[in-house]
Structures are given as structure tokens and as C-alpha cells.
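Taking the hints into account, I'd like the entire structure generated from these sequences.
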Amino acid sequence: MRSVPFSCLVFAVMLVALGAIFLWVPTEKEMGIVQRIFYFHVPAAFSSFLAFFLVFVGSIQYLRTREDKWDRLALCSAELGVIFALIVLITGPLWAKPIWGVYWRWEPRLTSMLITFTIYVAYLMVRGYGANSAPVQRISAVLGILAFANVPLVYYAVDLWAADQQLHPPRNVELEPTMQYTKWICCAAFFLLLFRLIAQRMELARIEKAVALLRQKLIDET
Amino acid sequence: MSFLGRALAILRKDLKAEWRTKARLSPMVFFILLMLLVFNFSFDLGGAALREIGPGTLWSSYVFASLLSLGRSFADERDNNALDALLLAPGDCGAIYLGKMLGNFVFLLAIELLSLPFFALFFNLSLGFFLLPLLAVFVLGSACMASAGTLFAALSNNMRLRELMLPLLLLPMILPALISSVEATGLVLANECCEKLFPHLQMLGVYAVVFTVLSLMLFEYAIEE
Amino acid sequence: MSGDDAIVLAGAAKRFGTHTALHPIDLVIPRGQAALLVGANGAGKSTLLRLVAGLCRPSAGSVKINGRDPQRTPEVRAEIGLLSHQTLLYDELTARENLRFFAQLYGLDNPDELLAAALAAVGLCFPSPVLATHERLNQRVGSFSRGMKQRLAIARAILHGPSILLLDEPFTGLDTSACAALHRLLRRFRQEGRTCILVTHRLDEAEGLVDRLLVIERGQRRLDQVLTEDSNQLRTLCAPYLDANP
Numbered sequence: 001m002r003s004v005p006f007s008c009l010v011f012a013v014m015l016v017a018l019g020a021i022f023l024w025v026p027t028e029k030e031m032g033i034v035q036r037i038f039y040f041h042v043p044a045a046f047s048s049f050l051a052f053f054l055v056f057v058g059s060i061q062y063l064r065t066r067e068d069k070w071d072r073l074a075l076c077s078a079e080l081g082v083i084f085a086l087i088v089l090i091t092g093p094l095w096a097k098p099i100w101g102v103y104w105r106w107e108p109r110l111t112s113m114l115i116t117f118t119i120y121v122a123y124l125m126v127r128g129y130g131a132n133s134a135p136v137q138r139i140s141a142v143l144g145i146l147a148f149a150n151v152p153l154v155y156y157a158v159d160l161w162a163a164d165q166q167l168h169p170p171r172n173v174e175l176e177p178t179m180q181y182t183k184w185i186c187c188a189a190f191f192l193l194l195f196r197l198i199a200q201r202m203e204l205a206r207i208e209k210a211v212a213l214l215r216q217k218l219i220d221e222t
Numbered sequence: 001m002s003f004l005g006r007a008l009a010i011l012r013k014d015l016k017a018e019w020r021t022k023a024r025l026s027p028m029v030f031f032i033l034l035m036l037l038v039f040n041f042s043f044d045l046g047g048a049a050l051r052e053i054g055p056g057t058l059w060s061s062y063v064f065a066s067l068l069s070l071g072r073s074f075a076d077e078r079d080n081n082a083l084d085a086l087l088l089a090p091g092d093c094g095a096i097y098l099g100k101m102l103g104n105f106v107f108l109l110a111i112e113l114l115s116l117p118f119f120a121l122f123f124n125l126s127l128g129f130f131l132l133p134l135l136a137v138f139v140l141g142s143a144c145m146a147s148a149g150t151l152f153a154a155l156s157n158n159m160r161l162r163e164l165m166l167p168l169l170l171l172p173m174i175l176p177a178l179i180s181s182v183e184a185t186g187l188v189l190a191n192e193c194c195e196k197l198f199p200h201l202q203m204l205g206v207y208a209v210v211f212t213v214l215s216l217m218l219f220e221y222a223i224e225e
Numbered sequence: 001m002s003g004d005d006a007i008v009l010a011g012a013a014k015r016f017g018t019h020t021a022l023h024p025i026d027l028v029i030p031r032g033q034a035a036l037l038v039g040a041n042g043a044g045k046s047t048l049l050r051l052v053a054g055l056c057r058p059s060a061g062s063v064k065i066n067g068r069d070p071q072r073t074p075e076v077r078a079e080i081g082l083l084s085h086q087t088l089l090y091d092e093l094t095a096r097e098n099l100r101f102f103a104q105l106y107g108l109d110n111p112d113e114l115l116a117a118a119l120a121a122v123g124l125c126f127p128s129p130v131l132a133t134h135e136r137l138n139q140r141v142g143s144f145s146r147g148m149k150q151r152l153a154i155a156r157a158i159l160h161g162p163s164i165l166l167l168d169e170p171f172t173g174l175d176t177s178a179c180a181a182l183h184r185l186l187r188r189f190r191q192e193g194r195t196c197i198l199v200t201h202r203l204d205e206a207e208g209l210v211d212r213l214l215v216i217e218r219g220q221r222r223l224d225q226v227l228t229e230d231s232n233q234l235r236t237l238c239a240p241y242l243d244a245n246p
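Chains as they are written, first to last, in this note's numbering: chain R, 1 to 222; chain U, 1 to 225; chain V, 1 to 246.
No wet-lab data here; the hints were simulated from the structure. Ideal placement from N, C-alpha and C gives every residue a C-beta, glycine not left out. Among the clues, some could well be false.
Straight-line C-alpha distance at most 30 Å; calculated BS3-like pairs for lysine-lysine [as the list claims (entries may be wrong)]:
no., chain 1, residue 1, chain 2, residue 2
1, R, Lys29, R, Lys97
2, R, Lys29, R, Lys209
3, R, Lys183, R, Lys97
4, R, Lys209, R, Lys69
5, U, Lys22, V, Lys149
6, U, Lys16, V, Lys149
7, R, Lys209, R, Lys97
8, R, Lys69, V, Lys64
To give an idea of the chain V side of the interface with chain U (calculated C-beta under 10 Å), a few residues [claimed, not checked]:
no., residue
9, Glu92
10, Glu97
11, Val141
12, Gly142
13, Ala153
In silico negatives: residues of chain R with every beta carbon more than 10 Å from chain V [claimed, not checked]:
no., residue
14, Phe6
15, Leu9
16, Ala12
17, Ile37
18, Thr65
19, Thr91
20, Leu114
21, Leu175
22, Pro177
23, Trp184
As C-alpha cells, this is what we get:
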């Protein structure tokens, strides 16, 4: 299989990232051990937005070319984007409980992430339940474009709504070099994993479609 | 015929049909009255928390009424497949979007304005000079709802589980506009005008423009077969 | 491609998901030809008409109307008049309002004259309007009988004077006099050199109105034949196809 070397690379980088998180990087002074969840939280957030961007790209390209592969890219990226967003929404509260004393606060960053997550869950709902077989790809492509265009608006509106309740650590915080490197290694690991999973899922989607076509052909011929 | 001319022809057609049936206005205003009753028993609206929850109840009722109204917006086109006839006419189909969107805008704004007296009555608001900024919030809020709502109504038009899918899709998408509408209404009712209000109005304006432009571009894909 | 071809389908196909409604088909209909399209339910007749009308986008291949793609150049759609099996009318509006609205969408200058002409053509409005008919036009379409709706739907399809007519089961719901009016109309259109694709399973009605027969079955063309004057020819040619399908 062609993807074996790539899978090995992903595995290796993930091992390095784990090593960096648990063996190499020093423990943060104030927050203690729980801060290490940051190395999963932040790369997962980046990965989910990268995946949502891929939904956007796939959607535009599908409407332009009508090639199934772009629709598959959009679908599979949306699924993985939602999973990575879920990782963000789970790791966040795990960190927040010891630091803020509660799992959840209606704080701007958390709120925007939650809204973004619901938008893409709705996208997947449509793909799963809403559409007749015919227009599902086209409808999803329109949705994929609108969803991505809406993300900046969500962030802007939520910031306006609760500008004074900002509790989430800012994105451009000064990090100690070791921590900075660890963050980048983890990002690399997450991105590679994302690409690997999307590729795998797209291949699966291609096979599913081929099977569906064969089944239909069989029905038509009998 | 010009793009705008066709859009206006569709708008006139929708207004005429609505004037005859009143299927989307009076039931929605009544629905809002019912929502107020529900909210009253859920939150005790007469209490001191009115300023806090007033704008929220107002917009929650509007959003649900809007969802119902938007869900009906392609019903006439669907009944005898008249949408096909619109698509058969020559010219850019963005005009269909614009016509339907303007119609929805008028209906949503009408629903809001017609139900405003109920709010004033039940919330003991004396509608005075802040009516003007409130009107601005309503106009922009309805524009946001109509711009995104019309496209999603068209999208869900040929979906399975149409009635369910429209709210599932539209609610998360409309949240940015809803947040600003509620905030802006709260500011107006608290007599805090101008400075704090402006960014919210701006947000609503940006949202309406972004979704109108995107919808004009994407509408042909939303309804094609 | 010659400039005299009204409709040209080159490898045009339509898939809905995994279901293939129309297999790739090459079809040329010269200007002025009237073709009869026959096939069992679900054979792909309506899909073919919708492709030609530009209402749906071919999954493969291309559709050209008068040499232009109806999806890319929407103006060319003004050349097409489609009668679908639904009326495409608004129940809440009156007959007159419906027709006036569509006249507006087509940007017609003299809607009232065209409206009267279209109505006269389907036997709804005579040179000296009968009062009863006149009154009918100001009533809601929703209150009309099936036959009246069908007449109006035909009037809507021909309102803008299209040079290409796509008629899906036009005789449905029409009484004898309306059928006769439709016959007159279709004959006149043939004389005027308009192109027509007629879909109907009532072969006796199509007799003498068409000069080509197309039979499709499960989205594929089975028969394509230019007709002679022999009046029994249609029935004989179609017989094996109409009975073969469930």
C-alpha cells in the first residue's frame, strides 16, 4: 500500500510529540501539570479550522467541476473537523475545571468554538438525513461555503457580545522556547494525522460510492 | 426585463398572494403572543429581571416565528412546482432570490412591528423616543434573517425532513445576527444609545450584506436540479 | 452542427445519485420538426424534457438550444415553452394575475394582447369574450377544475411565443372541445415552423401532429423513426414498447 510510509511518518511524529509533551517540556509554574493539555487543545483547534477550510475548498471546487472527489474531500474534512472540534471542546473544560473552578463558562472563545461546532454538525446532519440522494452533494457544497464564510462573523459577533468577559488565554501569548517547540511539534503531528485520516476516509467514501453504484446496477438489471 | 424588474415582479406577486391569504402574517403574530405567554410562565416576566430578559424573549419569539414564516416562503412555489416556471423565464436566477428575499424581509419586519405593541403592553414599556433606534435594530435584524433565511428555505425546499432541516441549518448560522440583535435591543431599552449601539448595528449590516451577496452567488446552485 | 438544428443533445445524460434517469443520448431535432416521445412511466421522458428546457443540468454531455447552452445563456430560455405535468401556476392568484405575472417575467411589452391570444388558442377566450369566461379569469386558480387548470397551463407555456415547445402529456384532463382546440393550435405551430417535442401515451391524439417518433425505455433510446403519412404507423411502431413494460 502506498500510504504505509506516510502512516509510519505520522506515527513517528506522534511518538516524538508525545515524548516532547511528557518527557521533555517543563511543567508550567502556575497551572501545573494540567497545562500540558494545551499541547492537545491548541493543535486540535488549528486542525479543526484547517479541516473546515478544506470543506470550503472542496465545496467551491465541487460546484465548479462537479467531480465527486471534491465532494468527498468536503464531506470527509467536515467529519474530521467536527471530531477535532470535539477534542477542543472536551480538552478545554478539562483544563478549565482546575483553573477556573468550573467546566464551562460562556466566555467568547468557548462560545464561538461551540457555535462553529454546531454549524458543522448541522452540515453533517443534512448529509446524513436531510437530502434525497440527488441534490445532496450540491446542497452540501452551498452549505460548506456558507458555513466557512460565517465563522469570522461568529467570532466577531461573540467578541462584541462579551468583550469584557475574556478569560481564555490569548492566542499570542509569549511562550518559553521549549514550550513553543513542543507546540509546533504537536501541531505537525496533528496536521499529519488529519491528512492521513482524511485520505483514509476519502478512500472509504470512494469505495462506498462504488458499491452503491454496483448495487444500483444490479437492481436495474434484474 | 431587468434583474431588478423581475425581482420586483416576484415581490409583488408574493405580497399579493399574502394579502389575499394572510397565511404568513396573522398566524405568526398570534404565535408570538402565545410565545409571550410561555415565556411569562417560564421566567415571570413582570419581575425586576425584565430589562435583563426582555430583549431575549423578544428575539426568541421573533426567531421562532421567523422560522415558521420562512418555512412557508417556498410553499407557493412548491405547490404546483411554480418554481420551475420562474426558472424557465430567461435571465439570472439571482433575481428570484432577491424577489423572495425582499418578500421575506417585508413579512418578517411586519411580524415584528405588529407584535411590538404586545411587548410594550406586557412588559410595561412606554414606547417613546427610543422607537427610532429600535426600528433600526428591527430593520437590520429582519434583513439578516431574510438574507440567510431565504437561501436556507430554498436549500431545504427539496430536502427530506424539510420542516426539521430548516431550523437545524438556519439557527446556528443566524446566531451572530441574533446575538447582536439581542444586545442592541437591550441597549436601546436601557437607554444606552449611540456609542455602544453602533458596533452591533454595524455587525448586523455586515451580516446582511455578506449573506445577501453570497446568496446571490450561490442561489443557482441551491435550486438547480 | 448545422444552424438549422433547434435542439442538439450530445452525449447528454442525467443521474440522480446512483440512479441513472437518462443514459448518454445523442439527439438532434431540426428546426420545425415535431417529435413524439413515447415511453413507459419512469422511462426518462420528463427528464429529457427538463434537460432540454435547461431546468436540470446534464450530469454528462451537453444540451444546445439554437446552438446555445440554456444553463449558461439564460436568454435562450425565452425560446422555450414547457408544459410540465404540474400546472406551474399559483393557486392563490387569479388566472389573469398568473398570466400577467409570467408575461412580466418574460419582459413582454404587450401582455394583454398576448394574454388574449394565448387564451384564445386554448379555447378559453373568444374574439368576442363570452362573459362567463371573462369572469372566470378573475377567479383564483385554486378554485378551477383540472381541465381549466390544464388549459391555463398551456396558455402559460405558449404565452411568450416560444419557437420550441415541450409538451408533457398536454391532453390530460382536457375535454373534447379543448382537445380540438389544442389540435388546432399544434397544427398551426407546425405550419409556422415551430419545433415541438410532444410526450403522450394517447397515440390517437398525436396522430397527424408529429413527423418523428422517439421511443425511450429505462433511460435509453429504443426507436427513432421519421414517420410517413400512414395513419396506423404510430400504433404499430409503438406496440412492442407500450406493452412490454410493467
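Hint validation: Ala153 of chain V versus chain U, beta carbon distance must be below 10 Å. Holds or violated? OK, holds: Ala153 of chain V within 10 Å of chain U, min 9 Å.
Taking 30 Å as the top limit, are the C-alpha atoms of Lys29 of chain R and Lys209 of chain R close enough? violated (53 Å)
Determine whether the non-interface label on Pro177 of chain R survives the test: each CB of chain V must be over 10 Å from its CB. Non-interface label on Pro177 of chain R holds, nearest chain V Cβ at 54 Å vs cutoff 10 Å.
Given the proposed pairing of Lys29 of chain R with Lys97 of chain R, does the C-alpha separation stay at or below 30 Å? holds (18 Å)
Would the stated hint for Glu92 of chain V survive a check requiring a Cβ distance to chain U of less than 10 Å? Since the shortest Cβ distance to chain U is 4 Å, the answer is holds.
Minimum Cβ separation between Leu175 of chain R and chain V greater than 10 Å? The claim holds: Leu175 of chain R sits with its nearest Cβ about 50 Å from chain V, beyond 10 Å.
Going straight from one Cα to the other, do Lys209 of chain R and Lys69 of chain R come out at no more than 30 Å? holds (11 Å)
Take a quick look at Leu9 of chain R and tell me if its Cβ sits farther than 10 Å from every Cβ on chain V, holds or violated. About 36 Å separates Leu9 of chain R from the closest Cβ of chain V, which puts it past 10 Å; holds.
Run the distance test for Lys16 of chain U versus Lys149 of chain V: straight-line Cα separation, threshold 30 Å. At roughly 20 Å apart (the allowed maximum being 30 Å), Lys149 of chain V and Lys16 of chain U satisfy the hint.
Against chain V, does Leu114 of chain R keep a CB gap of more than 10 Å to every residue? holds (33 Å)
Does Ala12 of chain R sit more than 10 Å from chain V, CB to CB? About 40 Å separates Ala12 of chain R from the closest Cβ of chain V, which puts it past 10 Å; holds.
Pair hint outcome, Lys22 of chain U versus Lys149 of chain V [Cα-Cα no greater than 30 Å]: Answer holds: Lys22 of chain U to Lys149 of chain V is near 24 Å, not above 30 Å.
In this structure, the earlier hints numbered 2 and 7 are contradicted, and the remaining ones agree with it.
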